[in-house]
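Engineer: What follows is each chain in one-letter form.
Number of protein chains: 6
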Amino acid sequence: MLRASERALNGWSAIPSPFLAEAMAHQGFDAITLDMQHGLISYDSALAMLQAISTTDVTPLVRTASLDPAAIMKVLDAGAMGIICPLIDNAAQAAALVSACRYPPAGGRSFGPTRAQLYAGAGYMAEANDTILAFAMIETADGLRNLDEILAVPGLDGVYIGPSDLSFTHGHDPVTGPDHPEMLARIDAIRDAARRHGKYAAMHSSAIDYCVRMWDRGFDMVTAPNDNRLFGFGAGMLMEAMGRKPGAPQPASGY
Amino acid sequence: MLRASERALNGWSAIPSPFLAEAMAHQGFDAITLDMQHGLISYDSALAMLQAISTTDVTPLVRTASLDPAAIMKVLDAGAMGIICPLIDNAAQAAALVSACRYPPAGGRSFGPTRAQLYAGAGYMAEANDTILAFAMIETADGLRNLDEILAVPGLDGVYIGPSDLSFTHGHDPVTGPDHPEMLARIDAIRDAARRHGKYAAMHSSAIDYCVRMWDRGFDMVTAPNDNRLFGFGAGMLMEAMGRKPGAPQPASGY
Amino acid sequence: MLRASERALNGWSAIPSPFLAEAMAHQGFDAITLDMQHGLISYDSALAMLQAISTTDVTPLVRTASLDPAAIMKVLDAGAMGIICPLIDNAAQAAALVSACRYPPAGGRSFGPTRAQLYAGAGYMAEANDTILAFAMIETADGLRNLDEILAVPGLDGVYIGPSDLSFTHGHDPVTGPDHPEMLARIDAIRDAARRHGKYAAMHSSAIDYCVRMWDRGFDMVTAPNDNRLFGFGAGMLMEAMGRKPGAPQPASGY
Amino acid sequence: MLRASERALNGWSAIPSPFLAEAMAHQGFDAITLDMQHGLISYDSALAMLQAISTTDVTPLVRTASLDPAAIMKVLDAGAMGIICPLIDNAAQAAALVSACRYPPAGGRSFGPTRAQLYAGAGYMAEANDTILAFAMIETADGLRNLDEILAVPGLDGVYIGPSDLSFTHGHDPVTGPDHPEMLARIDAIRDAARRHGKYAAMHSSAIDYCVRMWDRGFDMVTAPNDNRLFGFGAGMLMEAMGRKPGAPQPASGY
Amino acid sequence: MLRASERALNGWSAIPSPFLAEAMAHQGFDAITLDMQHGLISYDSALAMLQAISTTDVTPLVRTASLDPAAIMKVLDAGAMGIICPLIDNAAQAAALVSACRYPPAGGRSFGPTRAQLYAGAGYMAEANDTILAFAMIETADGLRNLDEILAVPGLDGVYIGPSDLSFTHGHDPVTGPDHPEMLARIDAIRDAARRHGKYAAMHSSAIDYCVRMWDRGFDMVTAPNDNRLFGFGAGMLMEAMGRKPGAPQPASGY
Amino acid sequence: MLRASERALNGWSAIPSPFLAEAMAHQGFDAITLDMQHGLISYDSALAMLQAISTTDVTPLVRTASLDPAAIMKVLDAGAMGIICPLIDNAAQAAALVSACRYPPAGGRSFGPTRAQLYAGAGYMAEANDTILAFAMIETADGLRNLDEILAVPGLDGVYIGPSDLSFTHGHDPVTGPDHPEMLARIDAIRDAARRHGKYAAMHSSAIDYCVRMWDRGFDMVTAPNDNRLFGFGAGMLMEAMGRKPGAPQPASGY
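Chains as they are written, first to last, in the numbering used here: chain A, 1 to 255; chain B, 256 to 510; chain C, 511 to 765; chain D, 766 to 1020; chain E, 1021 to 1275; chain F, 1276 to 1530.
Hints should not be assumed to be uniformly reliable.
Among chain F residues calculated to face chain A with C-beta under 7 Å, some are [as the list claims (entries may be wrong)]: (1) S1317; (2) S1341; (3) P1344; (4) H1447; (5) T1451; (6) H1455; (7) M1517.
Derived by calculation from the structure, the hints in this document are not laboratory data.
Beta carbons: idealized from backbone N, C-alpha and C, even for Gly.
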């Protein structure tokens, strides 16, 4: 996907539903990320949803709940083609992420690609170290401070910006902060640093116009508002047409 | 709900996801119907989704897969407050539907409201015959022909029009047929017949503008495009804003 | 179990939980019946619960949702050792029940005991017609009227009395009716008729004292208050000890 | 598949496991049938397994539990591309099967292909009547007697022979009967009758050598021993190599 | 709940069953804790059970399996209104617990309250730091030794005494130890220390009389015997009434 | 099992299917290990599969995803009778494994054997420290280097060799490496070291002939190719008999 040097539009899945994942994979996304942190997705749900996405040629990624090597290896064995790992604050954490994603000698991933080999074929073992994407989330003040050492970690494919937590840990509101000029400047700085290191810069969003603006800002991968939000936008259109008061905005899991 | 003589906007749920059902119940619908016919919802899913809807005061209905008294009684025991039964073609079928929804002596519903009593309280047994809604779907040429005898069945609360199958069985396309003048005339005629019999007339829809127009046409209950369609509308808005070709239209289960 | 001419105490399971089924199988019951009619148990739940009960030597039975031969055969293949079929009103229905439970030439059960053979061993095919129990529920005025022809059906093992629906269809309250002298007389008459035909008479209950009294009345199998009720009794003891107002009585699924 | 006039090797799935279904779809079968009659597969399992098979280009079929139009339509909406219906005894039943598989005016299938349209694309509605396979199982003495009228039903694609039940209902053992000369003669006669009517003849098997022989006998589709049996063959090879007594033969669901 | 300065009776749920959770929420408890440590409850079960409890106004809490910030945040996002964290041995661990439960700047909880916001409404983000309860379990000799430093951790709401492990690590039997005078003295000392620090003292129990005595001892929250035990008490009553030997005592998960 | 000083043949389960687990438990294995690392098995699957295995007298073991004490304790509470822990590199890790498996004073296992006590009976608490097996996996260069200190850890029952990762971390291919003379020498050396320390040496395999050779080499426990591989062997036999090209080899999860 990204290695073919195209930019990617990434769907974000928070709802544990294999059918919705399959439906989402027909909407026009290049990749879909299963959010196991703020989404309601467990390992069992993720496994079923990875199968559902595999009915199409959309690239399946997983945002893990944390930097837990066993959990990372388990979703890779289940067929995830990349990991977005939250809350990476320093180079040691980024190196641990890379190690969990790479077979020896490049890393310490244990061997046993139970479903991944079905999905990706007999060449999986040979190609996995080159094709599995490892993204470190930059979403804390610490992570931003240590950005250069993180980007210098060999084998890391890129950084993924979590604008809400990044805003929160810089004293801004997590919902409105991502559009504050101060935060936008930080976001641009992360993108530029990634480029200097020859790495991908990926960006999260929770609103359609923000998604468009981030795409225009040149990120390599931009995430769209999640499944729950898209559903809410559709429901909002309906309620407006019916002259009804809309429901509360759907929570945007996965900031 | 309907007995309070207000008109109702009914959400239509085809995706087996308790979280999505809960989210949907916060969007502003008066009722939500779990579609066990064309939706992907099984009894197990329905049970979990009925619990999810019960976190709000939205009225939970079920469209069963068929006129199977055991299946009807089982979702009533699980807490459904009404049944929309597909493919009712004559008075005998409508009477069987009513019987499955009513305790003796009004009907033959077997006693054992396992979850319904938790949901609706200790008075459930005494009130169930008056509060459980029984809707017969009119969606075939036979059903239309026998409309008067169906509407004359004691205990039936109303008819629910399935415009796609009704179009299909009258030689029209199931997607475009519901907007054909000939079909609209039939639809209005059903509404008028229901009124003459003092019964509710409820109407299905799969597009927002059609939903609005049906509401304006005065049906007692109008169903909105289903969850899957609402999700697709939101995704379409995104893809349009991103300048991308939209995915294929989401299938509108539950015609 | 019953063939060893002992009388049986039957647990009644309404809650879809394999662990609770396993726990129940350690409480001292001779048999446990999974209630797929008024209980919240689906085929998937039943399969897992049948496995859970098979960790002990308690006899697993199923009360099906209806007289549906395919559903009966499917739970038999999953390992149920007997069927309690609701709402049997005449000999033809009883004969259909027997046919669904017996391999040719005794009946029309289709061959394929996928899990049953694991559970019961290689001799299953040869022994199944003799060991699978088929109970017809007598719980309507029609069923009572046709009791003799039902009991005369070859291959039927016995009748199972549903006192709530039997009361309801005779104009009594389904909760208090089973203790009305008129209903008790009918219940005794069913027991006596079964004996005359050399068949088992089994009896349902939803309260502990009623269960004890029915046992003393000499039924071959007496069902205890269901899992949900037993839980409620325990919770009631707690609330009483704490000086709190108890919760509403747990609904007694499976009358 | 069959319409391309090639013969097909059909895998048979009895174990409710989406992963095993996906693994099976990589073994070299042309089609895989989910057995909802004697297999342990529910609607929920079937839905997940249909998604799993859709990750490959293997054709997904379903053997339903019975001739229940609502259940047939529901698995078609979930993406099954054909139905094998058990216990068809006469032309009326065969016609009901065809009707459940065909949209008007060819049949009475209700419109709402919720997942099928995702799987098969936007042309689904137009093509479904031509591509959905409808197989009537011939597995009783009645079915055999009425074979010609069954084969004459318009829209039926073929017959599927269930040799175990066919043996059982003709007084033979369901396990050894299918290889009895008398039964083999009947089986050949069914194949020849199908050819005379220009319809497919499909054949079940539960052992590898029987499968090979049936293929050589010229059936249009031959089913392999089911997943559970294949697993048992592999385990048997292991136990033999280890010098251990093998486990009991795995039950061959789906005769 | 507790902030309204009433004392609370807490139900304890070990069985992974959404229906049983809903039934339990109607029994008269102020709060129900899902035990993800010794109970059989996974994240998937917990999510469904949190929805079930949300049909009532009972406060849902979770006892996590360990001090894993990602797991804590994930159940909070799913709607848990408080955390009981096992095996807290020192102030650093207690501080990590508090951090996982509080948004910046009070802690390091990542933002994305996917279901919590549905459950608790639009004000969730603003109120969460004040309403989410954080209880540290004191259940080891180390924890007891460091009690004062634990109670001094800012943001900690209280301590929750695990009398079985506390007994076990002090050389007493985990079942009988909690009633040993030496242990009761330690338990009282913990309660008194909590009061000196202005924090809540909560107490576990596995028997009804012990629960009553702990309530009388003045704890702010007392946990009742778990769901499995309550079921066992009810079953024991039945078996006693029937003159049968009771089953083995139900294990009291969640000491 | 092993304590009775017999050698054990261990089945290896990677597919999350309670039925397949039950079927496997009838094949002739002494023990079955649920692989939660490279297998697709979650806690929920493991719980159901432990119940399924408990229908037989096969010993249930679990290979956990990592050295996570909370996860180890949770599967022990669910009824696992032993733990195989991956990636043990030194004595401290081995000691942490032992501690998680032993009640005080031998270790730090928290008390609450919710299902284990049902399965193993009232004596569980007293016997658990003696009967629960704790195996440390030796599968890295570090683990091999520190083998003697690992074997010296009190309470450790044995070592379990992971030949694929051991090969990988020594520069060999994970699939062919286990049969390389250099690796075989290392494997024998581990076995001999275990014997010197009076501990069990257990060995993994993924091919039948390798399994046989490892048995002949005298290991105390030898693991057979996993469920998925056994299924693949059976399917391969079929495809060969049919003259078809076999599918790709099934991935051997659990190296």
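Engineer: Regarding the hint that F:M1517 lies at the interface with chain A, is the smallest CB-CB distance below 7 Å?
Structural biologist: violated (21 Å)
Engineer: Have a go at the F:P1344 hint: is there a Cβ in chain A nearer than 7 Å to its own Cβ?
Structural biologist: At about 13 Å, which exceeds the 7 Å cut-off, the nearest Cβ of chain A leaves the hint on F:P1344 violated.
Engineer: Hold the hint about F:S1317 up to the distance rule: shortest CB distance to chain A must be less than 7 Å.
Structural biologist: holds (5 Å)
Engineer: Just to be careful: measuring from the Cβ of F:H1455 to every Cβ in chain A, is the smallest value less than 7 Å?
Structural biologist: violated (15 Å)
Engineer: F:H1447 was flagged as interface toward chain A. Is the shortest Cβ-Cβ separation under 7 Å?
Structural biologist: Result: violated, 10 Å to nearest chain A Cβ.
Engineer: Given F:S1341 as an interface hint, is the shortest Cβ-Cβ distance to chain A below 7 Å?
Structural biologist: Holds, about 4 Å.
Engineer: F:T1451 was flagged as interface toward chain A. Is the shortest Cβ-Cβ separation under 7 Å?
Structural biologist: Because about 11 Å separates F:T1451 from the closest Cβ in chain A, which is outside the 7 Å limit, the hint is violated.
The structure is inconsistent with the numbered hints 3, 4, 5, 6 and 7, although it conforms to all the rest.
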